[in-house]
Amino acid sequence: MFSFPVYLLKSLFFWLIFSLLIGGCQYRDKAKVRDDVLVYCSEGSPETFNPQLSTSGVTFDASSRTIYNRLVEFEPGTSSVRPALAHSWDISDDGKAYTFYLRDNVQFHSTAYFEPSRPFNADDVVFTFVKQSNPNHPFHKTKALRYSYFEAMGLGGLIEQIKKVDSHTVRFYLTRAESPFLATLAMDFASIMSREYAYRLAEADNIEALDNQPIGTGPFQLVRYQPDAYIRYKAHPDYWQGEQAIGNLVFAITPDPSLRFARLVAGECDVMTNPLPVHITAAQDYPNLNVSSEAGLNVAYLAMNTRKPPFDDRLVRRALNHAIDKTAIINAVYSKTAIPAITPLPPNMWAHNHSATKYEYNPQKARELLAEAGYSNGFDMVIWTMSAQRAYNPNAKRMAELIQQDLAQVNVKVEIVTYEYGAFLRRVRKGEHQSALLGWISDNGDPDNFLTPLLSCPSTVTGTNASFWCDPLFTQLVSQARALSDKNLRSDYYDQAQQVFLNEVPWVPVAHATQHTITRARVKNFKLIPSGGAYFNGVSLQKKGVKAVD
Amino acid sequence: MISLFLKQLGILLSSLIALTVFTFCLTLLFPDDSIPVLQSPIESTNLVEQYLYYLNQLFNGNWGSSQLRGSEVLRDFLLYFPATAELATISLLFAISVGVPLGILAAENKNKWQDKLVVSTTLIGYSMPIFWWGMLLVLLFSVTLGFTPVASRLGFEYDILPVTGFMLIDTLLSDQEYAVEAFYDALYHLILPAIVLGTIPLAIFTRVTRSAMIDVLSSDYIRSARAKGLTHTRLVWLHALRNAMLPIVTVIGLQISVLITGTLITETIFSWPGLGKWLLEAVYRRDFATIHGGILSVAIIILVINVLVELLSYYLNPKLRFSV
Numbered sequence: 000m001f002s003f004p005v006y007l008l009k010s011l012f013f014w015l016i017f018s019l020l021i022g023g024c025q026y027r028d029k030a031k032v033r034d035d036v037l038v039y040c041s042e043g044s045p046e047t048f049n050p051q052l053s054t055s056g057v058t059f060d061a062s063s064r065t066i067y068n069r070l071v072e073f074e075p076g077t078s079s080v081r082p083a084l085a086h087s088w089d090i091s092d093d094g095k096a097y098t099f100y101l102r103d104n105v106q107f108h109s110t111a112y113f114e115p116s117r118p119f120n121a122d123d124v125v126f127t128f129v130k131q132s133n134p135n136h137p138f139h140k141t142k143a144l145r146y147s148y149f150e151a152m153g154l155g156g157l158i159e160q161i162k163k164v165d166s167h168t169v170r171f172y173l174t175r176a177e178s179p180f181l182a183t184l185a186m187d188f189a190s191i192m193s194r195e196y197a198y199r200l201a202e203a204d205n206i207e208a209l210d211n212q213p214i215g216t217g218p219f220q221l222v223r224y225q226p227d228a229y230i231r232y233k234a235h236p237d238y239w240q241g242e243q244a245i246g247n248l249v250f251a252i253t254p255d256p257s258l259r260f261a262r263l264v265a266g267e268c269d270v271m272t273n274p275l276p277v278h279i280t281a282a283q284d285y286p287n288l289n290v291s292s293e294a295g296l297n298v299a300y301l302a303m304n305t306r307k308p309p310f311d312d313r314l315v316r317r318a319l320n321h322a323i324d325k326t327a328i329i330n331a332v333y334s335k336t337a338i339p340a341i342t343p344l345p346p347n348m349w350a351h352n353h354s355a356t357k358y359e360y361n362p363q364k365a366r367e368l369l370a371e372a373g374y375s376n377g378f379d380m381v382i383w384t385m386s387a388q389r390a391y392n393p394n395a396k397r398m399a400e401l402i403q404q405d406l407a408q409v410n411v412k413v414e415i416v417t418y419e420y421g422a423f424l425r426r427v428r429k430g431e432h433q434s435a436l437l438g439w440i441s442d443n444g445d446p447d448n449f450l451t452p453l454l455s456c457p458s459t460v461t462g463t464n465a466s467f468w469c470d471p472l473f474t475q476l477v478s479q480a481r482a483l484s485d486k487n488l489r490s491d492y493y494d495q496a497q498q499v500f501l502n503e504v505p506w507v508p509v510a511h512a513t514q515h516t517i518t519r520a521r522v523k524n525f526k527l528i529p530s531g532g533a534y535f536n537g538v539s540l541q542k543k544g545v546k547a548v549d
Numbered sequence: 000m001i002s003l004f005l006k007q008l009g010i011l012l013s014s015l016i017a018l019t020v021f022t023f024c025l026t027l028l029f030p031d032d033s034i035p036v037l038q039s040p041i042e043s044t045n046l047v048e049q050y051l052y053y054l055n056q057l058f059n060g061n062w063g064s065s066q067l068r069g070s071e072v073l074r075d076f077l078l079y080f081p082a083t084a085e086l087a088t089i090s091l092l093f094a095i096s097v098g099v100p101l102g103i104l105a106a107e108n109k110n111k112w113q114d115k116l117v118v119s120t121t122l123i124g125y126s127m128p129i130f131w132w133g134m135l136l137v138l139l140f141s142v143t144l145g146f147t148p149v150a151s152r153l154g155f156e157y158d159i160l161p162v163t164g165f166m167l168i169d170t171l172l173s174d175q176e177y178a179v180e181a182f183y184d185a186l187y188h189l190i191l192p193a194i195v196l197g198t199i200p201l202a203i204f205t206r207v208t209r210s211a212m213i214d215v216l217s218s219d220y221i222r223s224a225r226a227k228g229l230t231h232t233r234l235v236w237l238h239a240l241r242n243a244m245l246p247i248v249t250v251i252g253l254q255i256s257v258l259i260t261g262t263l264i265t266e267t268i269f270s271w272p273g274l275g276k277w278l279l280e281a282v283y284r285r286d287f288a289t290i291h292g293g294i295l296s297v298a299i300i301i302l303v304i305n306v307l308v309e310l311l312s313y314y315l316n317p318k319l320r321f322s323v
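These protein sequence lines are chains L and E, in that order. Just so we're aligned: 395 in numbering that gives the first Met the number 0 is position 396 of the first sequence, and the numbers increase by one with no gaps anywhere. Just so we're aligned: 247 in numbering that gives the first Met the number 0 is position 248 of the second sequence, and the numbers increase by one with no gaps anywhere.
These are calculated hints, taken from the structure and not from any lab test.
Capping the alpha-carbon separation at 20 Å, the derived lysine to any residue pairs in SDA-like fashion look like this:
hint, chain 1, residue 1, chain 2, residue 2
1, L, K140, E, E71
2, L, K396, E, Y283
3, L, K357, L, N502
4, L, K142, E, Q66
5, L, K130, L, G156
6, L, K130, L, Y198
7, L, K142, E, S33
8, L, K142, E, S70
9, L, K523, L, Y285
Just so you know, these numbers come straight off a predicted model, no measurement behind them.
Model the full assembly from the supplied sequences, consistent with the hints where possible.
Following this line, the structure appears as structure tokens:
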């Protein structure tokens, strides 16, 4: 028999409480001071650290936007392209050859797992693109993920050859003139990787490390990644634009938006991604929080499947455009953080047709149009939505309910069906829906990136054209515009294409959501990029106290 | 004693076989090629041979790779397990160290106001929806008052190298100069999650301790001990509690599986990178290899713990201990 050690328990309790109190004092003094660490409350764990293999913004935030650079990049806050690893470029007169002149003395990261022996040069550029295009390239094969963007942007068929002219000059030969190519090279999947690192890994028989122990030229280098917990970076000391003002950058992986907001208010995060509209209103009560807004390059729309009745009739589609009250949706779903959509292109994009006449909200007119189409008694329809919150649509289900009410006014009875994100996309691609609430965020800020994948004839085959609308004139206008490099000429074609769209209205364009990020006041110089996501290059922190850690 | 041990071992083995048969059937329902390493390469084999192949692969540690990340499931499990184990252990300690004394207090003052207070509060605690309770505590203590951290295991100003995966141990192993400070920070991050996860077990422990103690305190030997002039403290803590321990230990054992399922919710509230978050994410993203590995590993943990608790209760029960 043992005797119960009461005295031990007592002393243990005393000791525990005592030490907690002492430790607590220490904790409250020091830990709040973290002048050298910027914490970003992000949405999820990246699938990989290789941006070539992903299409998700979460992965791009964690890899291409921190660790890597591209030949050219988007000017933060706009969709125009500026030099990055290439300091300048030439385009041949026929628009089929692009020559890039590379920057000197750009250093790759030097980490515990890799010590570069040479700076960045043309070999790395050739390696980056040939790896993605050539199935026989020794580094092409991957385990689970694919080169989705390289394939989706059609670069395999577009790039005829990539040639290293000299150590700091690279020339791309294209099979046809295509003006969005430059913007495409600024996209995340075109991030430049180190050829030397890849071959070093191949020698060690550890090629997979290329995807989870990244080496790039970007402003930050990876220190440690704990899935579902955090990603820790430190500033790249030899960054070609100069070392970052923030010494350490941490992504705190926090999928729940309300929890992200709570952490921001409590000071555990400095920047939060994708706040809900309610958080934006709430943030105004806190003097130390700033909301930054940026008109996003996105659109939310109701796609009507033109292959299924009654949406094969143009009059019905027009009637729906008159019957839906977009202002009410923007107030209720977006809390006014969006603008009503007229055409697929957002008004801040250069190709937007400003002379286009919009479909005003007019239920009477809608009823007349329906009567003209032979549906004076209305009809039944199904709207598909998905459960996930997206940047272009914070609450698709609520939007569907509002549309349901609006359409009831014109005798159209709506049934709403909600799917989980993956299943939703899969079934919409197959064209199983009658109508669906969808959205799009531009990848490269080019109007072609809206009109071709969402509305052209070829996309009805791949399924990204969810209205399955195929208009030869529209498709022709868009592909002609793609071949031109003069912005003004292209603009004319896009104006006409948008006119065709408005005549036929395969969608009800609903809204262009404004993007928001909430930051703490100590974060300086933070800018959103139009395609969404976080960009920490050049961000600094206002210092308050002494450094907690030397 | 040895025969009892062997008996428990037999129970464990047969449960494990039943479990693997169940998970094997699950893999048959999964889409093809979701866990290729567990599928017999020879097509013509019958179900029994396929099952044996499956068992063999499991034993060799080939649990397949995540379809999402390409990482090995077993390695992922080892990555996420320590966070859950740490949280569950601390909540269990919290629930026992508060629940048992509360139960004793209530039993000592049977039918007085202390007893009524304890009984009614534990009833509330027992019926509390964890999710709502967690949110409430976070809003009050973390967001409004700023006493405790909102989420995660450690403040990001500390860069601690994961060695064991147990934050309380890793911070102390760290050679950073702020190691001790980080240890306290990790402890602070545990407070709210441990309270939230421990609330229901705490209520149950209190109620079980109360009823067991009431039984024991009214028995003859206590009365005679009291007549002999033993102090109240010695009487309650030494003589009564020891005999009341048996039902308490059994209930603690049963509560461990409740704790593990409770972590599913608690980890979501606090963004805690443990098994719960791992599994939920896998279900959400249809990562079948991870779902399979997660179910199997969590079930094995619960089975093993249950057997250990059974053995412990044999040890505590003199009737059984000396019967063989």
